[in-house]
Amino acid sequence: MAGQTKNTSSTGASDRAPRTFRVWRGDGQGGKFHDYSTEVGEGMVVLDAIHQIQAESAPDLACRWNCKAGKCGSCSAEINGQPRLMCMTRMDQLPPEGPVTVEPMRAFPAIRDLVTDVSHNFRAKKSIKKFSPRKPDAPDGTWRMQQADVDRVQEFRKCIECFLCQDVCHVLRDHHKHEEFVGPRLFVYTAALEMHPLDTENRLGDLKNKHGLGYCNITKCCTKVCPEHITITDNSIIPLKERVVDEFYDPLTRLFRIFKPAK
Amino acid sequence: MEQYQTLEHDVVVIGAGGAGLRAAIEASAAGCTVALVCKSLLGKAHTVMAEGGMAAAMANVDDRDSWKVHFADTMRGGQYLNNWRMAQLHAQEAPARVRELEAWGAVFDRTKDGRILQRNFGGHRYPRLAHVGDRTGLEMIRTLQDHGIHQGIDVFMEMTVVSLLKDGDRVVGALGYDRERGRFRVWKAKAVVLATGGVGKAFRITSNSWEYTGDGHALAYEAGADLLDMEFVQFHPTGMVWPPSVRGILVTEGVRGEGGVLRNKDGRRFMFDDIPDNYKNQTARDEEEGWRYVTGDKNANRPPELLTRDHVARCINREVKAGRGSPHGGVFLDIAWIKEKVANSEEHIKKKLPSMYHQFITLANIDITKVPMEVGPTTHYIMGGVRVDGDTQMSTVPGLFAAGEVAAGLHGANRLGGNSLSDLVVFGKRAGEYAAKWAKEKGAGTTNSAQVEEAMRLALAPFDRGDGGGGGENAFAVQSDLQGTMQDLVGIVRTENEMLRAIEEVGQLKSRAAKVGVSGHREYNPGWHTAIDLHNLLTVSEAIARAAVERKESRGAQFREDFPEKSAECAKFNLILRKGADGQMKVVREPVKPLPSDLQQIIDENK
Ligand SMILES: Cc1cc2nc3c(=O)[nH]c(=O)nc-3n(C[C@H](O)[C@H](O)[C@H](O)COP(=O)(O)OP(=O)(O)OC[C@H]3O[C@@H](n4cnc5c(N)ncnc54)[C@H](O)[C@@H]3O)c2cc1C
Ligand code: SF4
Ligand code: SF4
Ligand code: FES
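Note that the protein sequences, when read in sequence, are chains A and B. Just so we're aligned, residue 0 is where the first sequence starts under numbering that gives the first Met the number 0, counting upward by one. Just so we're aligned, residue 0 is where the second sequence starts under numbering that gives the first Met the number 0, counting upward by one.
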């Protein structure tokens with residue numbers, strides 16, 4: 000379906016005014032940007048504009064969304080080149096002039112329009128050893144944990160699996176190491192398991208040998224885009240790297256391990 | 000002829016929210032092969048949006064709590080139209096299901112002595128909701144998802160089931176299409192579990208996402224199953240009202256649980272003005288007592304903001320209609336005021352309600368630690384759904400099970416907040432267990448290819464009318480008109496005349512829906528998906544309106560201006576909707592089953 004181009008003026012605060020959206024359309028074989036004009040008004044987010052375009056002129060424009068409130072992590076895209084959630088990007092946060100470009104996440108293969116193949120993330124997660132708790136603390140089968148001890152893990156568990164961090168990470172985006180490197184989202188996931196007060200599994204060997212932790216050179220791009228404000232690098236990746244070093248390279252720790260079970 | 004792929008499993012679960020995931024885990028643990036089919040990616044189902052918490056009488060915060068009190072609270076909230084067996088099992092089994100989530104890795108907020116913390120919520124006598132800040136649903140779905148992926152379940156993401164397949168009376172599989180390519184698939188199964196969630200998209204203002212088009216309700220209805228209690232749609236009192244594009248998005252009841260108060264434009268706490276008789280004994284006499292309650296004083300009663308949702312929603316509606324509302328047609332919900340009571344209140348609010356803080360600052364430019372929010376009622380949940388057996392969750396059609404929001408019975412005329420998340424895991428587990436049992440006992444049936452071909456033809460028909468046939472109706476336009484009809488005529492305040500008009504309009508919309516045309520390809524084509532969903536939305540809309548007309552009283556979530564009181568006569572029946580032999584929808588009165596004396600006694604003791 001062909002888009003139409005119109006000249007647009009800037010958007011007033013409360014009244015509705017037309018605005019051009021330059022939306023990437025295509026599939027795995029390739030594609031190009033199409034211009035659509037639609038009216039935007041107060042409080043609108045980019046996802047609203049995409050929906051309006053679907054209803055008005057491009058009923059087959061593909062995108063993912065569910066909650067429209069930043070809770071499900073479905074609507075990830077690159078808006079004016081920035082990886083963001085479409086439902087949490089207000090029009091009045093974008094520059095008032097010029098077209099708004101909307102394109103799919105580039106670190107994943109395109110399926111159609113704004114929809115990408117994110118199956119890498121599901122496969123990678125499955126390769127990480129699952130939670131395995133210690134024996135219950137109380138006879139009724141329950142555990143005791145202090146709030147202070149779970150705060151860090153709760154930070155990681157806020158992750159909505161939007162995969163925006165995966166999208167910006169150069170190891171995936173530019174170097175396509177999908178087979179050797181699970182990516183920042185899955186490091187956050189691993190950290191949540193490793194730092195879970197009840198967990199008894201050891202995932203450090205896998206991090207080093209299977210999951211490519213060493214590829215991360217701490218550029219912190221992932222942390223910058225996380226809509227949940229998880230401090231991915233400082234709180235999860237760096238501590239994991241330290242643990243790997245302690246486990247495999249520090250001779251003293253290695254000696255201790257002979258006498259003490261891991262963890 | 001259109002091609003399709005056929006797969007075989009012992010059990011197929013349709014829907015991957017809390018209920019579907021829990022059912023799939025249980026069936027696979029029982030040794031069955033399981034297919035789990037969902038419209039979105041794994042982990043994105045509605046359950047992820049749940050905020051406040053899950054109700055379970057663990058008595059970690061107040062040791063006076065027990066399953067009996069939870070049972071009595073649930074029955075009172077449901078105005079005694081609940082399936083009492085479900086209310087009993089739910090109250091008894093919820094604590095074990097919460098602990099099981101912890102054993103699978105969930106990290107709930109903690110009490111000082113290191114146990115699972117519980118918070119206050121409307122209609123619950125004691126602090127009862129296990130929670131994680133205001134993102135409890137995310138914790139639940141992620142825990143079940145991360146546990147489930149190691150169970151050997153076959154997951155089919157972004158696939159939509161359009162028809163159930165039958166062998167005689169019995170359901171033996173499902174037909175669906177994938178969004179990526181628009182190709183069809185048949186899942187043959189010995190048992191099918193519906194866990195498709197709700198119907199919110201039938202209304203204009205709703206907290207629900209595009210997925211909530213009543214698919215499971217309609218699939219079951221078409222397969223001959225009974226629907227129950229469809230007149231009871233919950234309007235949550237607090238949805239966002241401004242800016243327009245976020246209208247309806249939920250503001251968790253947790254805000255009121257943490258001390259948030261409702262005020263009209265004159266600053267009056269209007270909830271004190273109208274306290275129903277059956278809650279008088281349990282409601283704070285003044286603001287001071289209300290505050291003591293939310294801060295954990297066991298001798299205090301709850302503030303009126305924490306009365307049941309139907310009541311709070313109607314009070315807000317009344318204030319707005321009387322011209323005492325906020326600038327954008329809601330009322331004020333104020334949590335910032337607690338700075339008078341709590342040192343460092345800004346940090347406290349951000350810690351307790353992080354995603355509400357984030358939601359308002361990002362979407363509405365409002366800092367809830369400093370100024371009040373504007374809120375108004377939003378369509379939130381349907382108590383009605385597939386009629387099931389309380390123990391096994393099997394519908395009236397053999398081999399077809401239902402759990403979660405798509406099933407009916409537990410909540411009666413009104414659901415208490417927090418009772419859904421616990422519902423999902425209690426009855427998701429049961430549905431999985433009994434579906435597995437059924438599969439083992441009954442073995443495989445046969446699917447009929449003529450049925451499959453007819454269903455595919457129907458699903459593809461909009462394409463013939465679109466590009467090929469000169470256009471046809473626009474699916475989005477029909478959907479939007481339906482939402483208008485339901486919002487305006489079958490909403491929070493109902494009358495006979497308006498609802499009869501709604502039924503007529505739904506009839507007209509059905510003929511328009513039959514002419515919907517779509518253009519373009521079959522891959523990720525939202526126009527086509529909307530055209531298919533329309534049929535389901537129309538079916539549930541008709542069911543809601545017909546049942547609401549038949550119940551000539553106000554009870555629980557249903558408020559009728561022409562019958563503003565409860566009627567003793569109407570207390571005696573539930574309403575069932577069923578497809579007649581002539582293809583028309585029939586409304587049937589089903590007498591309420593009398594309570595066994597031991598349960599009656601529990602209710603009397605907790606009056
Ligand atoms: C904003 C919000 C906040 C809430 N907060 C709370 C709370 O604090 N406490 C509480 O107890 N309850 C809460 N609720 C209610 C509760 O979250 C829902 O009732 C519950 O999550 C429903 O779960 P479910 O498993 O039945 O369905 P869902 O989680 O909605 O899952 C439905 C699944 O079915 C799939 N599906 C639907 N149709 C089809 C089809 N045709 N083919 C294939 N798959 C299909 C969907 O893709 C999805 O996977 C809240 C609801 C909302 C909207
Ligand atoms: S910090 Fe590491 S994981 Fe994050 S973007 Fe940079 S390289 Fe990737
Ligand atoms: S860590 Fe943050 S950016 Fe990465 S997937 Fe999770 S929420 Fe998204
Ligand atoms: S739609 Fe859920 S995060 Fe945007």
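The hints are simulated quantities; they were obtained by calculation from the structure and are not laboratory data. Hints are not guaranteed to be accurate.
[Stated by the list, open to error] No more than 30 Å apart at the CA atoms, straight line, and that leaves these computed lysine-lysine pairs for DSS-like:
{"#": "1", "chain 1": "A", "residue 1": "Lys129", "chain 2": "B", "residue 2": "Lys351"}
{"#": "2", "chain 1": "B", "residue 1": "Lys349", "chain 2": "A", "residue 2": "Lys219"}
{"#": "3", "chain 1": "A", "residue 1": "Lys223", "chain 2": "B", "residue 2": "Lys606"}
{"#": "4", "chain 1": "B", "residue 1": "Lys67", "chain 2": "B", "residue 2": "Lys578"}
{"#": "5", "chain 1": "B", "residue 1": "Lys349", "chain 2": "A", "residue 2": "Lys125"}
{"#": "6", "chain 1": "B", "residue 1": "Lys111", "chain 2": "A", "residue 2": "Lys134"}
{"#": "7", "chain 1": "A", "residue 1": "Lys31", "chain 2": "A", "residue 2": "Lys125"}
{"#": "8", "chain 1": "A", "residue 1": "Lys207", "chain 2": "A", "residue 2": "Lys128"}
{"#": "9", "chain 1": "B", "residue 1": "Lys320", "chain 2": "B", "residue 2": "Lys350"}
{"#": "10", "chain 1": "B", "residue 1": "Lys187", "chain 2": "A", "residue 2": "Lys125"}
{"#": "11", "chain 1": "B", "residue 1": "Lys111", "chain 2": "B", "residue 2": "Lys340"}
{"#": "12", "chain 1": "B", "residue 1": "Lys592", "chain 2": "B", "residue 2": "Lys187"}
{"#": "13", "chain 1": "B", "residue 1": "Lys585", "chain 2": "B", "residue 2": "Lys279"}
{"#": "14", "chain 1": "B", "residue 1": "Lys111", "chain 2": "A", "residue 2": "Lys129"}
{"#": "15", "chain 1": "A", "residue 1": "Lys209", "chain 2": "A", "residue 2": "Lys125"}
{"#": "16", "chain 1": "A", "residue 1": "Lys219", "chain 2": "A", "residue 2": "Lys207"}
{"#": "17", "chain 1": "B", "residue 1": "Lys514", "chain 2": "B", "residue 2": "Lys551"}
{"#": "18", "chain 1": "B", "residue 1": "Lys320", "chain 2": "A", "residue 2": "Lys223"}
{"#": "19", "chain 1": "B", "residue 1": "Lys111", "chain 2": "B", "residue 2": "Lys338"}
{"#": "20", "chain 1": "A", "residue 1": "Lys176", "chain 2": "A", "residue 2": "Lys125"}
{"#": "21", "chain 1": "B", "residue 1": "Lys320", "chain 2": "B", "residue 2": "Lys279"}
{"#": "22", "chain 1": "B", "residue 1": "Lys350", "chain 2": "A", "residue 2": "Lys240"}
{"#": "23", "chain 1": "A", "residue 1": "Lys176", "chain 2": "A", "residue 2": "Lys134"}
{"#": "24", "chain 1": "B", "residue 1": "Lys369", "chain 2": "A", "residue 2": "Lys129"}
{"#": "25", "chain 1": "B", "residue 1": "Lys111", "chain 2": "A", "residue 2": "Lys125"}
{"#": "26", "chain 1": "B", "residue 1": "Lys338", "chain 2": "B", "residue 2": "Lys350"}
{"#": "27", "chain 1": "B", "residue 1": "Lys439", "chain 2": "B", "residue 2": "Lys67"}
{"#": "28", "chain 1": "A", "residue 1": "Lys240", "chain 2": "A", "residue 2": "Lys223"}
{"#": "29", "chain 1": "B", "residue 1": "Lys606", "chain 2": "A", "residue 2": "Lys129"}
{"#": "30", "chain 1": "A", "residue 1": "Lys219", "chain 2": "B", "residue 2": "Lys111"}
{"#": "31", "chain 1": "A", "residue 1": "Lys223", "chain 2": "B", "residue 2": "Lys351"}
{"#": "32", "chain 1": "A", "residue 1": "Lys240", "chain 2": "A", "residue 2": "Lys209"}
{"#": "33", "chain 1": "A", "residue 1": "Lys219", "chain 2": "B", "residue 2": "Lys320"}
{"#": "34", "chain 1": "B", "residue 1": "Lys585", "chain 2": "B", "residue 2": "Lys297"}
{"#": "35", "chain 1": "A", "residue 1": "Lys223", "chain 2": "B", "residue 2": "Lys340"}
{"#": "36", "chain 1": "B", "residue 1": "Lys592", "chain 2": "B", "residue 2": "Lys578"}
{"#": "37", "chain 1": "B", "residue 1": "Lys351", "chain 2": "B", "residue 2": "Lys436"}
{"#": "38", "chain 1": "B", "residue 1": "Lys606", "chain 2": "B", "residue 2": "Lys585"}
**Request:** If any of the earlier hints don't hold here, list their numbers in rising order.
**Result:** 3, 4, 5, 7, 9, 12, 13, 17, 18, 23, 24, 25, 27, 29, 30, 33, 34, 35, 37 and 38
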